[in-house]
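Heads up: the protein sequence lines correspond to chains A and B, in order.
If you count the first sequence from 1, position 51 lands on 53 in the numbering used here, and the numbers rise without skipping.
If you count the second sequence from 1, position 117 lands on 139 in the numbering used here, and the numbers rise without skipping.
It is worth saying that the hints were derived from the structure and are not from the lab.
Every value quoted in this text rests on a predicted model; they were computed, and no experiment measured them.
Please note that the accuracy of each hint is not assured.
Claimed, not checked - Per the computed footprint, the stretches of chain B lying under chain A, defined by three or more beta-carbons under 8 Å from a beta-carbon of chain A, are: (1) 42 to 52; (2) 58 to 70; (3) 143 to 152; (4) 179 to 190.
Unchecked claim - Chain B side only, calculated, beta carbon under 10 Å to chain A, not exhaustive: (5) LEU33; (6) GLY35; (7) TYR39; (8) PHE55; (9) ILE74; (10) ASP196; (11) MET197; (12) ASN198; (13) GLY218; (14) TRP219.
Glycine residues also receive a C-beta, built at the ideal position from the N, C-alpha and C atoms.
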Amino acid sequence: MFKALWWTAFVLAGIWAQSFLPGVDLLAAGLVVCLQEEDWLAALWLGLALIFVQEGVGSLAFGYSILWYGGLGLLYFLGRRAFEPESVLFMCLLGAGLGLLHVLCAMASGLLQGIELPLRRLALEAVLQAAVFPVEWLALGRVFPDRLRRHEHFL
Amino acid sequence: MKLKRIAVILLAGLFLYLTLYTWNLRTGHLDTFSAHTGLDFSGWVLRPGDWIADKAVGFWERYVYLVGLKQENDLLREDNRRLRLENMTLAERSRATVRLERLLRFAPPEGWAMEGARVVAHRMGPAGVLDTVLVDKGSGQGVSEDTPVVCAEGVVGSVMRAGLASSTVLLISDMNSRVAVVGLKNRAAGILAGQGWGRDLSVKYMKLNAALEPGEILVTSGLGGVFPKGLPVARVSGINRSDISLFLDVRAEPLMDADGLEEVLILRRLPAEKGPGD
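Bound-form chain A, shown alone (with noise of 0.2 Å):
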């Protein structure tokens, strides 16, 4: 119970901070921390609730979050075979693979609905996601309650 709600304050405090800064995910850590602590049953239905409020927020056909949390979800399980999965330096290379996947996301989903799309804008997001992905992770690893944690070595 406390899990779901910790869970869904956090969805609510994410939806409202991405309205101060559009074209950003302020959510994609929470998924990250819930594969980082090994729940999977939270990162699935966490995983579903952002794909809705994304696709229900954003302005393309429905697709562009399954192919963004899917390819976050790969970008995470193929560097932690290289990589630390709780070091900062793991999670600015997250970071910056967020920015080309934002870029690469929307372009494919331009291209299938055959829309234009602003690059220049799509660029300063990419670098922006890629800013932003590591200080909400650390972030939230300072405000992730300790009851919840399945692994200490958790930031």
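Keeping the supplied structure of chain A fixed, place chain B upon it in accordance with the hints.
Leaving out everything else, chain B in the frame of chain A:
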């Protein structure tokens, strides 16, 4: 062998994704579902956000700025602050009244009804790549896709996705927005296309010999079937006659200020009145 398995999984995933994607493009079920879940949920989250922000700022000012001051000084400052706040609130209310009065003066075209809506947020989230705003009216209030949205200055855009109680409005500044327009004075017709946030609009397919003047107001022609005829949209800011094109190169600045949008009007087509023979 392992590589082969990964390739098969990736190909199967891609196939599944494209199947889901094309099924949704054809039926729109997933778009509708995400509008009725994610969009409405976010709308409900964002609406009380302003109230929370006010409270948070109040808390900050009360408990952080005033720490360490003497009681009397504290009371006087509090009094002063309350009066200033009251003054600010009244000034804001006065500005809002002016804005709302201007909106109220807007007369809907014949056969159309209008309803006010508040702008809850501008584009947000990584999938929010188009120039949009989120408003607090949805299909529950009769809003549907392609519903025209205007403000006191002119056309804002049209609804691109409607949830139950919130909708996403595509602004005329977006690169994918197209509005059929005519010049108010000379009636030269063209298609107004967005060029991106903060940039002038472009008028396409306007004949090279069309009569058009800088500063002329462009109004909706009603040809697209989305907007009623005669709504002001933009003001011509530049005209170039190119030697290598069959059309004029026309720039226009939007009449509405997308940054300052707080309230908008949603236009709904009234059902046609039945004649005596119907």
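A quick look at each hint next to the structure:
{"no.": "1", "hint": "42 to 52", "in the structure": "holds (count 5)"}
{"no.": "2", "hint": "58 to 70", "in the structure": "holds (count 8)"}
{"no.": "3", "hint": "143 to 152", "in the structure": "holds (count 10)"}
{"no.": "4", "hint": "179 to 190", "in the structure": "holds (count 4)"}
{"no.": "5", "hint": "LEU33", "in the structure": "14 Å, violated"}
{"no.": "6", "hint": "GLY35", "in the structure": "8 Å, holds"}
{"no.": "7", "hint": "TYR39", "in the structure": "6 Å, holds"}
{"no.": "8", "hint": "PHE55", "in the structure": "7 Å, holds"}
{"no.": "9", "hint": "ILE74", "in the structure": "8 Å, holds"}
{"no.": "10", "hint": "ASP196", "in the structure": "8 Å, holds"}
{"no.": "11", "hint": "MET197", "in the structure": "4 Å, holds"}
{"no.": "12", "hint": "ASN198", "in the structure": "5 Å, holds"}
{"no.": "13", "hint": "GLY218", "in the structure": "5 Å, holds"}
{"no.": "14", "hint": "TRP219", "in the structure": "7 Å, holds"}
Of the numbered hints listed earlier, the single one contradicted by the structure is hint 5.
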